[in-house]
Amino acid sequence: DSGVTQTPKHLITATGQRVTLRCSPRSGDLSVYWYQQSLDQGLQFLIQYYNGEERAKGNILERFSAQQFPDLHSELNLSSLELGDSALYFCASSVRLTGGPSTDTQYFGPGTRLTVL
Amino acid sequence: AQTVTQSQPEMSVQEAETVTLSCTYDTSESDYYLFWYKQPPSRQMILVIRQEAYKQQNATENRFSVNFQKAAKSFSLKISDSQLGDAAMYFCAYRSGGGGSQGNLIFGKGTKLSVKP
Numbered sequence: 001d002s003g004v005t006q007t008p009k010h011l012i013t014a015t016g017q018r019v020t021l022r023c024s025p026r027s028g029d030l031s032v033y034w035y036q037q038s039l040d041q042g043l044q045f046l047i048q049y050y051n052g053e054e055r056a057k058g059n060i061l062e063r064f065s066a067q068q069f070p071d072l073h074s075e076l077n078l079s080s081l082e083l084g085d086s087a088l089y090f091c092a093s094s095v096r097l098t099g100g101p102s103t104d105t106q107y108f109g110p111g112t113r114l115t116v117l
Numbered sequence: 001a002q003t004v005t006q007s008q009p010e011m012s013v014q015e016a017e018t019v020t021l022s023c024t025y026d027t028s029e030s031d032y033y034l035f036w037y038k039q040p041p042s043r044q045m046i047l048v049i050r051q052e053a054y055k056q057q058n059a060t061e062n063r064f065s066v067n068f069q070k071a072a073k074s075f076s077l078k079i080s081d082s083q084l085g086d087a088a089m090y091f092c093a094y095r096s097g098g099g100g101s102q103g104n105l106i107f108g109k110g111t112k113l114s115v116k117p
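Same order as they appear, the protein sequences are chains A and B.
The numbering of the first sequence is the working numbering, which starts it at 1 and goes up by one.
The numbering of the second sequence is the working numbering, which starts it at 1 and goes up by one.
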């Protein structure tokens, strides 16, 4: 168990709909990363938040957005869903200010499998 | 831009034998980290081993070790005494250095490892 939690585990929805994926980082971790894993694109970085602020953006579509709340949990919002958005979405966390080495190592949650019909 | 290449889509090993998975990367940076992640059928991303580029000594974690050749930009993973539970997809990943608050992972396409009893 990495200590990172994601809900829901599975999500089935229709094209055009909007969904929200939730991530709780490891206790004390300040950074949250979102990744998308699909058969054709592999594992791709979407967006990173650090202590509530957006830090980096990757291949994230304009239809997608995210935020990190004061309690450090993060949500990834996907709207106007298309068939091609079906994928496994991972959240990862890192950067503890206190305790332990390897603050740069990212620990992954179990993922949310999104199916768009 | 940095890239990570895993040239072996699939590998197979006999139980108790040793196998080496290959990874090469391209970067102009001198400060970076390299990782191997394991993704079993459960889809959970599990950290196997990490290597800091500034360290000449190859990282080792129990039966897992790496051969880090910085000049050649090569980062192979050796699994000794292979076990059935080692069967999984293995991803090589790169992360830029520059402090713990930044730096998403860049993944290779993965190598599917099968372990034969």
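Honestly, I wouldn't trust all of these hints.
Stated by the list, open to error - Straight-line C-alpha distance at most 30 Å; calculated BS3-like pairs for lysine-lysine:
1. LYS78/B / LYS112/B
2. LYS57/A / LYS78/B
3. LYS112/B / LYS9/A
4. LYS109/B / LYS73/B
5. LYS57/A / LYS55/B
6. LYS57/A / LYS70/B
7. LYS55/B / LYS70/B
8. LYS55/B / LYS9/A
9. LYS70/B / LYS9/A
10. LYS109/B / LYS78/B
11. LYS73/B / LYS9/A
Think of the hints as simulated: they come from the structure by calculation, not from any bench.
As the structure is a computational prediction, the values presented were derived from the model and not from experiment.
Here is what the structure says about each hint:
1. LYS78/B / LYS112/B: holds (14 Å)
2. LYS57/A / LYS78/B: This hinted pair is violated, its Cα atoms lying about 33 Å apart.
3. LYS112/B / LYS9/A: With Cα atoms ~24 Å apart, LYS112/B and LYS9/A stay inside 30 Å; holds.
4. LYS109/B / LYS73/B: It holds: about 17 Å lies between the C-alpha atoms, which stays within 30 Å.
5. LYS57/A / LYS55/B: holds (29 Å)
6. LYS57/A / LYS70/B: Judged against 30 Å, a Cα distance of about 28 Å means the pair holds.
7. LYS55/B / LYS70/B: holds (10 Å)
8. LYS55/B / LYS9/A: violated (38 Å)
9. LYS70/B / LYS9/A: violated (39 Å)
10. LYS109/B / LYS78/B: Given that 30 Å is the threshold and the Cα spacing comes to 18 Å, the pair holds.
11. LYS73/B / LYS9/A: violated (37 Å)
Going through the hint list in order, the structure does not satisfy hints 2, 8, 9, 11.
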